[in-house]
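Visitor: Residue numbers (the UniProt record's numbering), protein chains in the order written: chain A, 1 to 77; chain B, 1 to 247.
Hints in this document: simulated from the structure, not taken from any laboratory.
Check each hint, because a few of them may be wrong.
Claimed, not checked - Here are the simulated lysine-lysine pairs, BS3-like style, with alpha carbons at most 25 Å apart:
#, chain 1, residue 1, chain 2, residue 2
1, B, K215, B, K2
2, B, K123, A, K62
3, A, K10, B, K42
4, B, K131, A, K62
5, A, K76, B, K131
6, B, K205, B, K95
7, B, K42, B, K95
8, A, K30, B, K215
9, A, K30, B, K123
10, B, K95, B, K215
11, A, K30, B, K171
12, A, K30, A, K76
13, B, K221, B, K2
14, B, K134, A, K10
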Amino acid sequence: MAEVLDRVTKIIVDRLGVDESEVKLEASFKEDLGADSLDVVELVMELEDEFDMEISDEDAEKIDTVGNAVSYIESKM
Amino acid sequence: MKLEGKTAIVTGASRGIGRSIAIELAKNGANVVVNYSGSEEKAKETAKEVEASGVRALVIRADVSNADDVQAMLKETIGEFGSIDILVNNAGITKDNLLMRMKEEEWDQVMDINLKGVFLTTKAAARPMMKQRKGKIINVSSIVGVMGNAGQANYVASKAGVIGLTKTSAKELAARGINVNAVAPGFIETDMTDELAEDVQASMKKMIPLDRFGKPEDIAKAVVFLASEDADYITGQTIHIDGGMVM
Ligand SMILES: NC(=O)c1ccc[n+]([C@@H]2O[C@H](COP(=O)([O-])OP(=O)(O)OC[C@H]3O[C@@H](n4cnc5c(N)ncnc54)[C@H](OP(=O)(O)O)[C@@H]3O)[C@@H](O)[C@H]2O)c1
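Please take these sequences and the hints and turn them into a complete structure.
Guide: Next up, the structure:
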């Protein structure tokens with residue numbers, strides 16, 4: 001769903017201050033988008049709010065790329 | 001007023017030091033969540049005194065060692081006040097015994113409430129605080145957590161643990177504008193210390209250079225300072241409030 005990707009991309013751009021063109025599905029938050037561990041925690045918190053869902057700590061630990069985040073959210077919608 | 005418009009949660013605010021902290025925060029303009037676990041009537045009394053300062057009080061029952069209770073408390077707080085700016089982890093118990101006589105339940109109960117409780121509330125409150133890019137967390141440790149005390153292995157370990165947790169959460173959350181500090185009270189006159197035998201009280205007084213026991217207000221004033229913008233450049237510290245007992 002393109003819509004999920006758009007919303008996720010917007011949050012990443014806002015939160016990490018990266019350019020929209022860098023937010024590719026395979027991009028890793030830490031390796032490619034310059035996030036530190038706490039940034040990733042915050043990102044997951046924002047995704048929870050944006051998509052009105054709860055992401056458990058175990059699941060959150062597996063979300064490390066843009067694609068992971070998008071497919072996780074789609075699987076829960 | 002220093003804390004005008006801020007929202008504070010004080011755990012264990014039905015009695016003793018927590019009650020005094022709640023009242024002092026209110027005098028400085030903060031709305032206060034008065035948390036308790038068993039003493040509902042006393043918690044309501046604290047709330048009345050909080051409201052007497054012209055701020056709002058919300059009484060919430062929650063066992064700080066229970067993650068669901070803690071989550072629900074945070075949710076209700078945000079629902080009611082819209083934010084959480086100050087968290088004071090004050091709830092605490094003692095179950096004293098000599099190490100050689102201490103039962104496993106005595107160890108576990110004290111650890112669960114005094115140490116795990118601080119972890120649970122900190123984790124729950126840090127989330128909204130991170131979003132706000134601002135927040136103050138103040139943990140109530142104890143001077144015995146610094147110096148050790150015969151007959152309190154469980155309590156001392158929990159309070160030393162609180163100091164370590166304070167330093168670590170201060171480091172992790174500093175980048176998000178959250179300050180985490182501890183106060184370490186010495187001998188303060190409350191229900192907790194009333195239970196001590198007279199001769200124990202007398203021998204403790206000999207160790208206090210300022211030659212008196214502390215009052216709950218002595219702790220509450222320091223907590224207000226740490227909760228205010230005056231203390232924005234202080235984090236990870238433990239302030240001893242003990243009449244000079246440990247230097
Ligand atoms: N008094 C001292 O000399 C002294 C010295 C050093 C440190 N401290 C520390 O200061 C803090 C307050 O001590 P205090 O002397 O004021 O004690 P206190 O008079 O015995 O009051 C303890 C408070 O903690 C609450 N509480 C206990 N278990 C709880 C739980 N599971 N969940 C939520 N709240 C709970 C109690 O609420 P309910 O009544 O509703 O159960 C009460 O409000 C403690 O952390 C203590 O270790 C005290």
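Visitor: Hint by hint, note whether the structure agrees.
Guide: Each hint, compared with the structure:
At most 25 Å may separate the alpha-carbon atoms for a hinted pair to count; K215 (chain B) and K2 (chain B) meet this at roughly 22 Å. Distance restraint check for K123 (chain B) and K62 (chain A): the Cα-Cα separation of roughly 20 Å lies within the 25 Å cut-off, and the hinted pair is therefore satisfied. Taken as a hint, the K10 (chain A) and K42 (chain B) pair is broken in the structure, with Cα atoms around 49 Å apart against an allowance of 25 Å. A C-alpha spacing of about 22 Å is found between K131 (chain B) and K62 (chain A), which places the hinted pair at or below 25 Å, so the restraint holds.
Taken as a hint, the K76 (chain A) and K131 (chain B) pair is honoured in the structure, with Cα atoms around 24 Å apart against an allowance of 25 Å. A threshold of 25 Å between alpha carbons decides the hint, and for K205 (chain B) with K95 (chain B) the separation of about 22 Å falls inside it, so the pair holds. For the suggested pair K42 (chain B) and K95 (chain B), the alpha carbons sit about 22 Å apart, so the restraint of at most 25 Å is met. Distance hint between K30 (chain A) and K215 (chain B) is unfulfilled; the C-alpha atoms sit about 49 Å from each other, more than 25 Å.
For the hint linking K30 (chain A) to K123 (chain B), the alpha-carbon distance of about 22 Å falls within 25 Å, and the restraint holds. Between K95 (chain B) and K215 (chain B) the alpha-carbon distance is near 22 Å, which keeps this suggested pair within the 25 Å criterion. With a C-alpha separation of about 20 Å, the suggested pair K30 (chain A) and K171 (chain B) falls inside the 25 Å cut-off, and the hint holds. Under the criterion of a C-alpha separation no larger than 25 Å, the hint pairing K30 (chain A) with K76 (chain A) is consistent with the structure, at around 24 Å.
A threshold of 25 Å between alpha carbons decides the hint, and for K221 (chain B) with K2 (chain B) the separation of about 12 Å falls inside it, so the pair holds. For the hint pairing K134 (chain B) with K10 (chain A), the CA-to-CA distance comes to about 23 Å; that is within 25 Å, so the pair holds.
Checked against the numbered hints above, the structure violates hints 3 and 8; every other hint is satisfied.
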